[in-house]
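Use these hints to put chain B onto chain A, whose structure you have.
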Amino acid sequence: MPYAIRTAVLVGASCLTMAGATEAQSTPNLEGIWILPQTAPADPRWQIEDFLCNGAFCSVAAIDYMKRLLADPANDVRTLKDISGQISVYGRNYVKSLFTAAELEASKGFEQRDDPVNKCVPSGFNFADASLPIKITQFKDRVLIHYEFWSSERVVYTDGRDHRANIAASRLGDSIGWYDGSSLIVETVAIAPHLTYWADGARSSIKARAYERYSRSEDGSRLIVEKTLVDPVMLRRPLTSRESRLSAPNVQIMQFQCDTRYVEGFLPKQ
Amino acid sequence: MTGRYSLALLLMVLAWPVFAHHNAASHYQLDKSITVEGVVTSFRMVNPHVLVYLDAKSPSGDIQHWIAEGNSVGVLERVGWKADSLKSGEKVKIVGRPSRDGSNLVLWTTITKENGTILYGGVAVSAFGEEGVSPEEHQRLEDLRKRQIEERSQSGQQPPPGSPPQK
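Line by line, the protein sequences give chains A and B.
For the first sequence, this note's numbering puts the final residue at 270, and the numbers step up evenly by one.
For the second sequence, this note's numbering puts the final residue at 167, and the numbers step up evenly by one.
Hints listed in this document are in silico derivations from the structure and should not be mistaken for laboratory results.
Treat the hints with caution; some may be incorrect.
The following label-pair restraints were derived from C-beta to C-beta distances [claimed, not checked]:
no.: 1; chain 1: A; residue 1: 219; chain 2: B; residue 2: 136; range: 24 to 30 Å
no.: 2; chain 1: A; residue 1: 144; chain 2: B; residue 2: 136; range: 35 to 41 Å
no.: 3; chain 1: B; residue 1: 115; chain 2: A; residue 2: 155; range: 47 to 53 Å
Nothing here was measured: the structure is a model prediction, and the numbers come from that model.
Glycine is no exception: its CB is placed at the ideal position from the N, C-alpha and C atoms.
Chain A on its own, in the form it takes in the complex (with noise of 0.2 Å):
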């Protein structure tokens, strides 16, 4: 199973990029600090996609229905509230789609106070960057990325390791990482399971994998990160998601520290 995800990950990218063919024997460069629209809103560069449809809830099936909505010319007088809300309906049930029967019935009970980022448990793998900026700095045998939301940082080994045997599941997980043309592929495994967000209460299983793939936009303006989960309790289907983060060097990241006065606010009332 593995290895046909692995498989299926490198057939995507081909199509991702058109770049990977011609620079097949170099590593690519995806240092620097990437940012979505939340962090400078007003940035020049953003087009009206990355509003309508960028971050960690984007599936690449809404990205995809989001692009033939704005290329028809049907859809030109209709205001962007109007399109924003049909991409967010069919996001939505593309999601639940994908769950098992059993996941759909096991998230329904969630309230949000059950949430344990209520208690300042950080959220999961699933949201580890939280659309805040992340930062990525290369070295010859490992990535490391730097996440600003809750100055957590993870290691991705490019030195041809293999996964570590009988690690325990953590926060992040473990993750290994390879080059292929433009991308890095990042495989992570020993995920802890956690609320993913997806949905209601909709949790990951310590079955749950992912897949990433991080490369650079034709004119290396951007960060495309493609992620696919991959959990046979949760999900039916692996579920992609796509973010195109802008490079943006004068960002500073910041210290990210939950208070406890936030904890306080979620306290039950006496």
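Frame of chain A, contents of chain B only:
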């Protein structure tokens, strides 16, 4: 010194509400809007989400304690918020999304002060036509869309086969 609140079901949907630590849809009813008018009792510029505490008067006249949840400190500071952007005792009108579990929580989109100043940045920069986007920002988005349409028109590009139907 207390305000009031009202709940209105609106036929509106956010695109993809960008929120600092979770998917807002899992906590709030994004297809509904609520207005809470009250007096700020505390403003907490904290992570993971900035919080505004306020007292509001219910339709029956009781004083009810509310919490309005916004974005993270980093997001709000980058669009100009400061620790003293709101002060205890200020009268405010908060518009946002009601909680899913019926508790007195609101995901704010705008906060209007008594002098008419509107504070943005609560929820989403991705919400078109929503009250969470300033008029200037909304105009910029409309301009982006207009330019996209013009460019497509000039290129003579045909709509893709199988375009999704309108609602």
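Results for each hint:
Taken as a hint, the range 24 to 30 Å holds for the pair residue 219 of chain A and residue 136 of chain B, whose Cβ atoms sit roughly 27 Å apart. Taking the beta carbon of each, residue 144 of chain A and residue 136 of chain B are about 37 Å apart, inside 35 to 41 Å as hinted. At roughly 50 Å, the beta carbons of residue 115 of chain B and residue 155 of chain A sit within the given window of 47 to 53 Å.
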